[in-house]
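Peer 1: When you get a sec, could you build the whole thing from the sequences and use the hints?
Number of protein chains: 8
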Amino acid sequence: MTEFVLDVERPARIGLEEAVYAAGKTAAQVAAILAAAAERRASLLVTRLDPEKLAALPGTLRAEIDYCDLSRTAWFGPPRPVRGQGRIAIVAAGTSDLPVAREAERTLRYAGEAATVIADVGVAGLWRLTRRLEEIRAHPVVIAVAGMDAALASVLGGLVAGAVIGVPTSVGYGVAAGGRPALDVMLASCAPGLAVVNIDNGYGAACAALRFLHAAGRLAGA
Amino acid sequence: MTEFVLDVERPARIGLEEAVYAAGKTAAQVAAILAAAAERRASLLVTRLDPEKLAALPGTLRAEIDYCDLSRTAWFGPPRPVRGQGRIAIVAAGTSDLPVAREAERTLRYAGEAATVIADVGVAGLWRLTRRLEEIRAHPVVIAVAGMDAALASVLGGLVAGAVIGVPTSVGYGVAAGGRPALDVMLASCAPGLAVVNIDNGYGAACAALRFLHAAGRLAGA
Amino acid sequence: MTEFVLDVERPARIGLEEAVYAAGKTAAQVAAILAAAAERRASLLVTRLDPEKLAALPGTLRAEIDYCDLSRTAWFGPPRPVRGQGRIAIVAAGTSDLPVAREAERTLRYAGEAATVIADVGVAGLWRLTRRLEEIRAHPVVIAVAGMDAALASVLGGLVAGAVIGVPTSVGYGVAAGGRPALDVMLASCAPGLAVVNIDNGYGAACAALRFLHAAGRLAGA
Amino acid sequence: MTEFVLDVERPARIGLEEAVYAAGKTAAQVAAILAAAAERRASLLVTRLDPEKLAALPGTLRAEIDYCDLSRTAWFGPPRPVRGQGRIAIVAAGTSDLPVAREAERTLRYAGEAATVIADVGVAGLWRLTRRLEEIRAHPVVIAVAGMDAALASVLGGLVAGAVIGVPTSVGYGVAAGGRPALDVMLASCAPGLAVVNIDNGYGAACAALRFLHAAGRLAGA
Amino acid sequence: MTEFVLDVERPARIGLEEAVYAAGKTAAQVAAILAAAAERRASLLVTRLDPEKLAALPGTLRAEIDYCDLSRTAWFGPPRPVRGQGRIAIVAAGTSDLPVAREAERTLRYAGEAATVIADVGVAGLWRLTRRLEEIRAHPVVIAVAGMDAALASVLGGLVAGAVIGVPTSVGYGVAAGGRPALDVMLASCAPGLAVVNIDNGYGAACAALRFLHAAGRLAGA
Amino acid sequence: MTEFVLDVERPARIGLEEAVYAAGKTAAQVAAILAAAAERRASLLVTRLDPEKLAALPGTLRAEIDYCDLSRTAWFGPPRPVRGQGRIAIVAAGTSDLPVAREAERTLRYAGEAATVIADVGVAGLWRLTRRLEEIRAHPVVIAVAGMDAALASVLGGLVAGAVIGVPTSVGYGVAAGGRPALDVMLASCAPGLAVVNIDNGYGAACAALRFLHAAGRLAGA
Amino acid sequence: MTEFVLDVERPARIGLEEAVYAAGKTAAQVAAILAAAAERRASLLVTRLDPEKLAALPGTLRAEIDYCDLSRTAWFGPPRPVRGQGRIAIVAAGTSDLPVAREAERTLRYAGEAATVIADVGVAGLWRLTRRLEEIRAHPVVIAVAGMDAALASVLGGLVAGAVIGVPTSVGYGVAAGGRPALDVMLASCAPGLAVVNIDNGYGAACAALRFLHAAGRLAGA
Amino acid sequence: MTEFVLDVERPARIGLEEAVYAAGKTAAQVAAILAAAAERRASLLVTRLDPEKLAALPGTLRAEIDYCDLSRTAWFGPPRPVRGQGRIAIVAAGTSDLPVAREAERTLRYAGEAATVIADVGVAGLWRLTRRLEEIRAHPVVIAVAGMDAALASVLGGLVAGAVIGVPTSVGYGVAAGGRPALDVMLASCAPGLAVVNIDNGYGAACAALRFLHAAGRLAGA
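Protein chains in written order, with the working numbering: chain R, 1 to 222; chain E, 1 to 222; chain Y, 1 to 222; chain S, 1 to 222; chain L, 1 to 222; chain G, 1 to 222; chain U, 1 to 222; chain W, 1 to 222.
By construction, these hints were calculated from the structure, which means they are not laboratory data.
Remember, predicted model here, so these are calculated numbers, not experimental data.
The C-beta atom is built at its ideal place from N, Cα and C for all residues, glycine as well.
Hints may be right or wrong, so weigh each one.
Stated by the list, open to error - Restraint-style ranges between C-beta atoms, simulated for each label pair: (1) U/Ala55 / Y/Gly112: 38 to 46 Å; (2) G/Ala35 / S/Asp50: 24 to 32 Å; (3) G/Glu52 / E/Arg80: 36 to 44 Å.
Peer 2: Okay, structure coming up:
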């Protein structure tokens with residue numbers, strides 16, 4: 001039973017490289033995928049790799065990994081050189097949203113895009129957001145990471161032009177647990193044109209941003 | 001089968017008069033309750049009375065009613081004289097939230113409290129809120145009425161001191177329909193100390209505010 | 001009680017004009033908003049305006065309206081001249097998804113963007129999609145409109161580069177009713193980087209696309 | 001990447017000091033926040049700090065902490081001197097609700113308010129409640145903490161005047177697990193004017209009470 | 001296609017006669033079932049028969065029907081003579097719960113059991129309940145009908161011995177709509193031993209009570 | 001802060017003794033309650049006491065405990081002498097339902113009622129049920145314990161006269177996980193008159209049965 | 001905008017002809033699709049066509065339609081000649097499940113398969129099922145149609161060999177409303193190997209059966 | 001208390017042998033069931049047996065077990081000899097779906113059916129599916145295993161004739177967690193005639209396939 005098939009033509013097809021979602025896989029499966037990539041001298045981004053699974057990988061594979069424990073992402077092989085900068089801002093409401101923000105940042109950086117992270121600007125203290133608004137507005141694409149009431153996304157959507165991608169997080173307890181309310185209010189935002197990804201999906205927000213950059217490149221060329 | 005029992009000692013007990021929730025009752029039941037009140041020369045607030053049910057009431061009862069079709073509230077008998085003013089602000093995010101805001105306003109006014117209504121200050125255009133912030137802050141008690149993303153409640157909670165009572169509304173479609181996300185984010189607000197009532201419950205928010213005033217009176221007296 | 005406040009600086013702030021969501025408003029409220037806009041010689045997009053409410057508007061206002069009954073959208077005042085074309089494809093899975101696709105198309109056209117609509121290409125007959133794939137791929141931005149299993153969005157996401165905005169629809173019955181499964185699978189798509197808006201929110205998808213065009217313009221200028 | 005920004009002007013703005021919600025943060029993040037506060041000689045309330053995370057803090061920080069393991073709250077630095085007493089009653093239905101009641105009590109005490117806790121008065125044995133009713137009624141503000149059927153909140157709401165703040169708890173199993181039914185019946189209470197906070201949110205109830213005291217002070221001064 | 005099969009041996013088997021649930025049937029189907037019963041000189045209880053469907057029945061069948069429009073129940077053929085009395089109390093929280101209470105009462109009466117109905121004793125005014133408590137306690141079996149917070153059921157469960165059958169109702173709006181919270185808190189009641197039936201199921205509560213009487217008869221005989 | 005108040009008059013009031021629900025309590029709280037009971041020479045039933053919490057109790061208290069690890073129930077002090085037998089059958093669908101069935105059995109036995117347990121008679125092999133049907137029918141009260149499809153309860157309800165109390169269990173995975181479908185189909189059973197308790201609530205089912213026996217005693221005496 | 005594309009090669013590809021789901025379409029859209037089919041001399045099955053929409057079709061199209069108002073299905077053009085018989089049994093629990101059963105029957109018959117319908121054999125009166133069990137068992141494929149507790153599907157699954165396809169229905173009120181519990185218990189059935197389709201999806205169950213027959217033909221030929 | 005009753009006539013009745021679902025049972029209960037089977041020289045399939053529970057079985061029983069840790073299935077006693085081959089394809093979307101696919105494969109093999117497993121053909125890279133389409137089409141019965149968006153099932157349903165059985169998996173996070181969206185879109189697939197089983201129920205899918213082979217055998221014989 002062949003267990004996996006790398007989608008090697010994905011970059012040519014959709015402009016994004018395949019990544020490995022480690023949470024649903026055993027350490028052995030992750031190791032096999034990395035070994036196959038190593039054989040083809042390909043690099044890979046691994047998401048949701050917890051420290052225990054990392055520790056269970058063979059040392060030779062581990063040696064090729066740049067690991068971030070806050071976001072649980074691994075770069076297997078070197079990231080692409082930086083090609084863009086100052087184009088994407090990642091804005092996070094609170095400290096608890098940082099793992100998701102970092103996952104987005106690391107996904108973008110691996111693809112060669114250096115994003116700006118602006119943290120702890122939740123709307124409970126609106127001044128924290130307004131004093132950094134000009135800095136945020138300087139980026140044509142904004143990723144808003146927020147849990148609980150996720151009001152940051154709506155407020156940003158009403159204040160900045162350009163693309164806004166909302167990432168709800170599962171932070172919180174009681175009705176907030178799991179992040180469904182944060183997701184739903186991003187979808188139901190009174191600020192028009194928010195684009196939303198799955199709860200805690202920093203990786204997906206980064207991919208959406210990369211798709212935008214890809215499209216913008218084509219529009220500029222047209 | 002005796003079908004209803006007026007709770008005549010309620011004002012003495014909890015400082016609030018009984019009101020009639022008409023939505024779950026037939027026109028005949030509402031008429032019987034009003035007639036009993038008329039006999040005892042009591043006045044009554046009726047909520048959720050739709051125009052068809054109003055039209056089905058006997059003319060003699062209808063003649064005693066001050067009806068508001070936006071909020072579907074009826075005053076049966078005269079409201080109390082105004083005893084307080086400028087103490088409660090009702091802040092509504094959008095035009096669609098006005099029926100609920102009006103229900104709160106009419107409930108308060110019936111009890112003798114003249115509230116200030118500040119409408120259409122949703123956060124999608126934050127300047128609409130900030131330019132009226134001082135006016136809002138002048139009221140020790142604020143009722144925030146908002147549906148969809150309900151971000152107004154969190155933003156207000158972070159900007160005003162004093163009591164903030166959130167009323168989520170069922171405005172919207174898709175995930176917003178029914179108002180559950182608006183409710184949940186008010187409960188999960190990153191602004192601490194929001195007090196929340198049921199979806200579309202302008203009446204309940206007004207009662208909570210009246211309870212606050214009652215308590216404040218006792219505290220002042222102590 | 002001032003009931004509404006037009007957000008006249010919205011275009012300058014976020015590059016999108018305010019629109020009127022008619023579903024939560026009475027005909028009288030819609031009429032008042034339109035009259036105010038007429039006075040200021042502004043034009044307005046109205047969404048979710050059902051025929052009954054349209055018929056209840058004063059004739060003088062109705063005379064200024066271009067109405068589409070499939071999408072229940074109204075243009076109050078002339079749309080902007082076409083500024084872009086062939087940049088956005090709206091791809092709809094089935095006939096039942098057309099009202100939502102049309103809402104997106106009309107929103108874009110009102111803002112001066114002529115989109116291409118490609119309909120009835122659901123994946124149950126994959127050949128319908130593949131034979132039009134090159135045409136779709138020619139557009140840097142794709143809006144995918146689908147209900148029920150919403151598999152179209154994932155399949156498109158795996159086949160096209162550029163931005164993909166998913167709009168789930170509430171088409172269907174049983175577990176599909178209301179569109180939650182369609183929404184959830186767009187969010188959980190195995191094709192990375194889908195950006196999603198609320199159920200049936202053709203208007204929101206169009207706004208997200210306009211935000212993206214705005215960002216692309218800035219990126220091109222940078 | 002600056003990970004947090006203390007909202008130092010919060011007390012001036014809304015009358016409440018910022019607190020640290022530890023559940024979504026790593027021990028290292030909590031330690032960094034406390035260290036920053038220590039540097040500015042500020043004190044802080046920490047909620048949802050589990051014993052493992054407490055044990056992982058540096059000893060110098062731990063030495064400044066007054067910890068309560070029932071409520072998992074930590075006072076970092078001394079609480080304010082007592083300014084009010086006998087104004088707030090915290091009424092808990094059962095032993096299992098005590099952690100939440102204690103969180104409310106400790107939050108209030110940290111802010112200088114000494115609340116009265118009345119425990120194990122659930123309505124399954126109504127006499128337990130009625131024999132303490134006068135004591136409860138002596139407090140203008142009542143916080144009702146209850147899980148499972150949460151009937152205590154409704155019964156109290158029908159018996160006491162003044163402000164009633166309901167805190168549903170996640171106690172129980174089967175349909176009760178997570179506390180949603182307790183929350184929903186507090187919101188749908190037939191006793192008018194209950195103000196409700198998130199499930200298990202003793203901290204939030206205390207903040208709502210503090211907001212109310214703030215408002216009452218202004219009302220008394222007016 | 002034979003569309004229905006009367007379960008004529010049901011009384012012998014489980015001590016309950018078959019009833020016709022009209023809501024899911026066309027008027028023609030109901031008429032056919034009644035005609036078949038008439039042919040066999042059987043009588044039948046019909047539940048959830050709305051007035052339109054009643055009006056659509058042939059006059060000859062309608063002539064045999066005793067209809068109650070509050071509960072939408074029809075007796076087709078005479079009820080059994082009264083065999084028991086004072087054994088079952090039906091206690092309803094509010095006027096809006098009366099249709100369900102009446103359905104229970106009419107189901108019992110049709111089977112020969114005369115129940116006592118005690119209405120409008122919701123716990124928001126606890127004195128209304130306590131002044132009738134002795135009367136309620138005189139009945140070995142109590143059916144508690146309540147919606148919204150359904151606190152009546154828990155309070156009764158803590159005050160009366162004997163069997164307590166809870167019937168949640170779908171009265172209310174917002175989170176209460178549909179009756180799920182009322183159902184859940186009856187199931188999660190802190191008063192032990194409540195037996196619960198489906199939302200709005202007055203018929204089912206009556207059948208549970210009849211099953212109890214059947215069992216009690218056997219126990220007495222043993 | 002007094003943390004608990006034993007409801008000592010509960011037996012006189014509702015015919016049931018108070019039990020201790022250990023799941024929401026710390027070992028220290030359970031120990032304190034047991035010690036207080038020991039002091040008053042009272043015995044107590046403890047439910048949901050997991051082995052770790054049992055082990056953490058003081059040896060002197062543990063010595064008084066009869067513990068069943070399948071059902072996690074503890075008898076603190078001797079059960080009442082057997083007063084009834086052959087009156088209640090506990091019928092369980094599968095092996096996985098036995099912990100709940102045993103909780104019901106132990107609750108009944110502690111109160112002096114010896115129930116008959118009939119296990120592994122799920123409807124997937126209907127012959128297992130039918131061959132024991134006469135034995136089941138010999139009991140006036142039947143407790144049906146079933147998870148997953150819970151079809152056993154409906155089938156029993158259609159086959160036996162007398163009281164049927166359904167206890168849904170949380171057995172299973174996927175859609176069955178948590179037991180909500182099992183609960184819902186018991187409530188929606190096409191067999192009339194099922195009385196239902198909370199998911200996994202063997203204790204509650206036993207209490208409902210005891211309430212019924214209490215009522216039957218009064219009916220027999222009347 | 002081309003609004004629909006008939007999938008004319010579907011029969012060759014998957015052995016099933018395309019059908020028109022009318023519920024999500026306007027009468028004009030249905031008419032256009034039928035007219036296009038008429039032009040190509042194709043016949044079509046239409047599902048969920050309500051009488052109002054039927055009446056709104058042009059008379060020339062209506063003349064070609066064989067309509068069944070119980071199931072709201074329309075045959076546009078003649079059904080295929082009968083090719084199979086006695087191979088599929090459709091077993092329905094109650095009268096209220098007949099519309100769905102009939103939809104399955106009409107879908108099968110249109111494709112040339114004459115199914116046997118066995119109605120009103122719900123498990124509340126198990127004898128109704130057992131007396132027809134041999135007849136049911138004579139069919140290698142059984143479609144079980146049931147709502148509310150849907151216990152019929154599990155009981156059948158435990159009694160018959162061969163393929164069993166469960167169709168939950170949305171019959172009922174309270175927790176049963178919408179059919180989710182019926183669906184879930186079919187999926188969680190303790191009888192192994194039930195195959196389930198969407199709520200009320202008689203059409204889908206028929207298609208699943210046709211797929212089985214197609215596969216069986218290939219297996220027999222192999 | 002007899003705790004289990006093997007359904008020994010199940011194969012004769014429905015063509016499937018009983019299997020042991022270990023997740024809801026203690027190791028002692030599993031051991032007792034296996035010992036009873038051993039005594040009767042019967043073999044048994046055990047599902048959801050985690051490694052800890054396996055390790056807790058007596059060595060003599062463990063010696064008879066062929067265990068697969070990916071799928072957590074155990075064969076107790078030898079599988080049946082292979083009777084069929086190339087009739088059933090198991091198609092899995094991703095590596096994370098393999099445990100469920102393997103459970104189906106092992107269930108089939110134990111019953112004597114050798115299935116073909118085709119893995120990692122999710123639609124995000126459609127070419128992976130299309131290049132193996134002919135191989136899949138060669139099997140009259142296809143089991144589609146997919147989580148997250150589960151689009152594979154719809155795409156397959158539109159491409160292959162013959163029976164398609166969908167198994168949703170609980171892979172993923174955020175809205176995907178638990179597998180409900182994957183289940184719902186399989187049920188709501190626009191490809192007609194998908195037959196669906198419970199989330200993660202590879203065993204059930206295999207049983208449905210075996211039922212179908214049983215039916216096909218009878219159809220071929222007829």
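Peer 1: CB of G/Ala35 to CB of S/Asp50, is that within 24 to 32 Å?
Peer 2: 27 Å, holds
Peer 1: For G/Glu52 and E/Arg80, compare the CB-CB distance with the range 36 to 44 Å and indicate the outcome.
Peer 2: Because 60 Å falls outside the window, the suggested range is violated.
Peer 1: For the range 38 to 46 Å, tell me whether the beta carbons of U/Ala55 and Y/Gly112 fit it or not.
Peer 2: For U/Ala55 and Y/Gly112 the Cβ distance comes to about 42 Å; the hint holds.
Of the numbered hints stated above, the single one contradicted by the structure is hint 3.
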